[in-house]
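Spelled out, the chains give:
There are 2 protein chains.
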Amino acid sequence: MENFTYQCQTKIIFGKKTEDKVGEETEKFSNKILLHYGTGSIKKTGLYDRIVKSLNNHNIKFIELSGVVPNPRLDLVNKGIKICRENNINFILAIGGGSVIDSAKTIAAGYYYQGDVWDFFTKRISITKTLPIGVVLTIPAAGSESSPNAVITKNEQKLAITSDQLRPQFAILNPELTFSLPLNQTVAGIADMFAHIVERYFTNTKNTDLTDKLCEATFRSIIKNARLVIKNPDNYDCRGEIMLAGNIAHNGILGVGRNEDWASHRIEHQLSAIYDVTHGEGLAVIVPAWMKYVYKHDINRFVQYANKVWGIKGNGEKTALKGIAATKEFFKELGLPKTLKELNIDDTKFNIMAKKSSPTGNFVKLNEKDVLEIYRMAL
Amino acid sequence: MENFTYQCQTKIIFGKKTEDKVGEETEKFSNKILLHYGTGSIKKTGLYDRIVKSLNNHNIKFIELSGVVPNPRLDLVNKGIKICRENNINFILAIGGGSVIDSAKTIAAGYYYQGDVWDFFTKRISITKTLPIGVVLTIPAAGSESSPNAVITKNEQKLAITSDQLRPQFAILNPELTFSLPLNQTVAGIADMFAHIVERYFTNTKNTDLTDKLCEATFRSIIKNARLVIKNPDNYDCRGEIMLAGNIAHNGILGVGRNEDWASHRIEHQLSAIYDVTHGEGLAVIVPAWMKYVYKHDINRFVQYANKVWGIKGNGEKTALKGIAATKEFFKELGLPKTLKELNIDDTKFNIMAKKSSPTGNFVKLNEKDVLEIYRMAL
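Those sequence lines, one after another, are chains A and B. Residues in the first sequence are numbered from 1 upward in steps of one, following this note's numbering. Residues in the second sequence are numbered from 1 upward in steps of one, following this note's numbering.
It should be emphasised that the hints constitute simulated quantities derived from the structure, not laboratory data. As the structure is a prediction and not an experimental result, all values here were calculated from the model. Among the hints, a few may not be true.
Intra- or inter-copy, both count: the list cannot distinguish identical chains.
Said to hold, decoys possible - DSBU-like, lysine-lysine: derived pairs with alpha carbons at most 30 angstroms apart:
| no. | residue 1 | residue 2 |
| --- | --- | --- |
| 1 | LYS16 | LYS365 |
| 2 | LYS16 | LYS53 |
| 3 | LYS43 | LYS82 |
| 4 | LYS129 | LYS341 |
| 5 | LYS224 | LYS296 |
| 6 | LYS206 | LYS231 |
| 7 | LYS308 | LYS32 |
| 8 | LYS21 | LYS123 |
| 9 | LYS32 | LYS356 |
| 10 | LYS21 | LYS206 |
| 11 | LYS16 | LYS206 |
| 12 | LYS43 | LYS332 |
| 13 | LYS123 | LYS28 |
| 14 | LYS43 | LYS11 |
| 15 | LYS365 | LYS296 |
| 16 | LYS206 | LYS341 |
| 17 | LYS328 | LYS16 |
| 18 | LYS224 | LYS313 |
| 19 | LYS206 | LYS17 |
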């Protein structure tokens, strides 16, 4: 096991009707906030009205900034920073999924920074002070509701920042809010959380018994409940398990003491940046291709994955490959794309994509040529 | 799944030589602290000197209060409160195991309270403000390094308090510090962390798939590494897994969304309060007796426990009983006591003990008569 430091201060408020607590939780931080959300689905579902009611009940004034799109853009972030500064706003409430939360986090990071907030993404400047943020989660996927990360896109560049300062102060998770999530978004979210564990599970760190077992447990729960939820989208318990798993998959606890990989995410980000692909759909294609490309590096780990996650008995290369096939089959079963072609992506930009996303990976260090091959295998 | 709120702000600093960071972490809170520890083993091992060096390097002044004993006493807590108040101390550094940490937490709770700190234990007054505390952990067992609980003994009464305010600000966990832990303390700690999962695993809450699996994963890792560590006390990786498992077993994450039980702890507390038994040794006797007494309430859950934790195939009552037998056998294998007699406890005080510890339990509600029967079964 590697030395590590772990701290996740986010208060998780989980369960039925918990969105009604948003005013009570927010007023601990501010009575003048930015209300940040997407393209309006929260108005259709009535969630917006309930949030506004709770904020009004606690005399919290808010300025709205809507319009966050999947693969959220820097333009809107800059607009948010300007609004917060001009109106002395000192708290951001994000209502939505990972895109809205990441946009909110980046506004929070930019608020106190005198330069261009994009510097944090390109120059690896450390983030020392941010606005506090709160979350009402509507899409279980990115785990951004308690993660220290944010991913933003600018001109076909999709880049990430990381700081414990970015972890939200509170996150409200009501599985009922996800009943209305369309099937394609539900399964893309499942692929995303699954991939968050893949990035941690495949490690060169030796002697990681407990975190291995915790990863395997979370994988198995996601697999079980994903199969149930696609048939029973209004089942509270399945939705709840998925929502909790999405949180645990990316709050960092499954990666403590391990070197993490993150190649699949980096490789996928090019798809989202250039083709605006849904992140989880891109991952469903890239993860199995990445597995197929790297498995020989540590067949035993892939055997363990097949044994413990998929219940496939046996050992050696055959078993390793069966585990990878099971992963691919699982994504297929959920109705996720299996190839880049299904995402309307051809090989035209593979060279530039491979260049932009390499070198990457820790489990296997991948150079430009390696990444190019993974794109080809995913075609 | 039940609604829940979960927040654990403790910063976990895990790994080799991490105790050298104690000065750096402490100075974020204070430059005048109470240094709280036990009966001197930290001086023999050299840990005391390293802590003092790190504090001196950061110009942190400290007043010492040593002498915490297992099943820590209220007298010393009151002494600590007095010292902190008279010397304007605003941070407590606990070096030790659960007893030292619980003593520190209670001093921290009493500092701002004008009444008798014992009120918190007897009158269930809510704890609203505490001194911040930090921990250097030397015994993986109680999980107190990031839990919201403290247990204190006064005149044969062993009582608990709970508040997120009691969670330490940071906890330094270096598995190397546990190499010198005697076998009896090592295994008592293992029984304690095992019992912390038992209290959460046996629940009447339905649809707890992910947390069930996380509990089972942690159980299995404890079982595996306990067997290794008793043969290889200087193995860093086994010690590390046990230390991490002890933390995760009681930071609360394994119990989210579930009604927890806590009967075994309550029943054991009488043994510790009256006979000053080591908590983990008492639990090793009480937990299997409790299981045997309650298993018919939900045979399927005990079958799941046998299947998933112990790898015992089958179903029905026989399988349930095999899981309980495996638990008993495991504690025996570790050299833990199997009966109250081995702890030099006879039935003389069973009546008063049963009265004091009942009613208790949530999985099965136990009255005085039930508890009496469990003590008898444990004899």
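*Taking each numbered hint in turn, which are not upheld by the structure, reported in ascending numerical order?*
4, 7, 9, 12, 16 and 17
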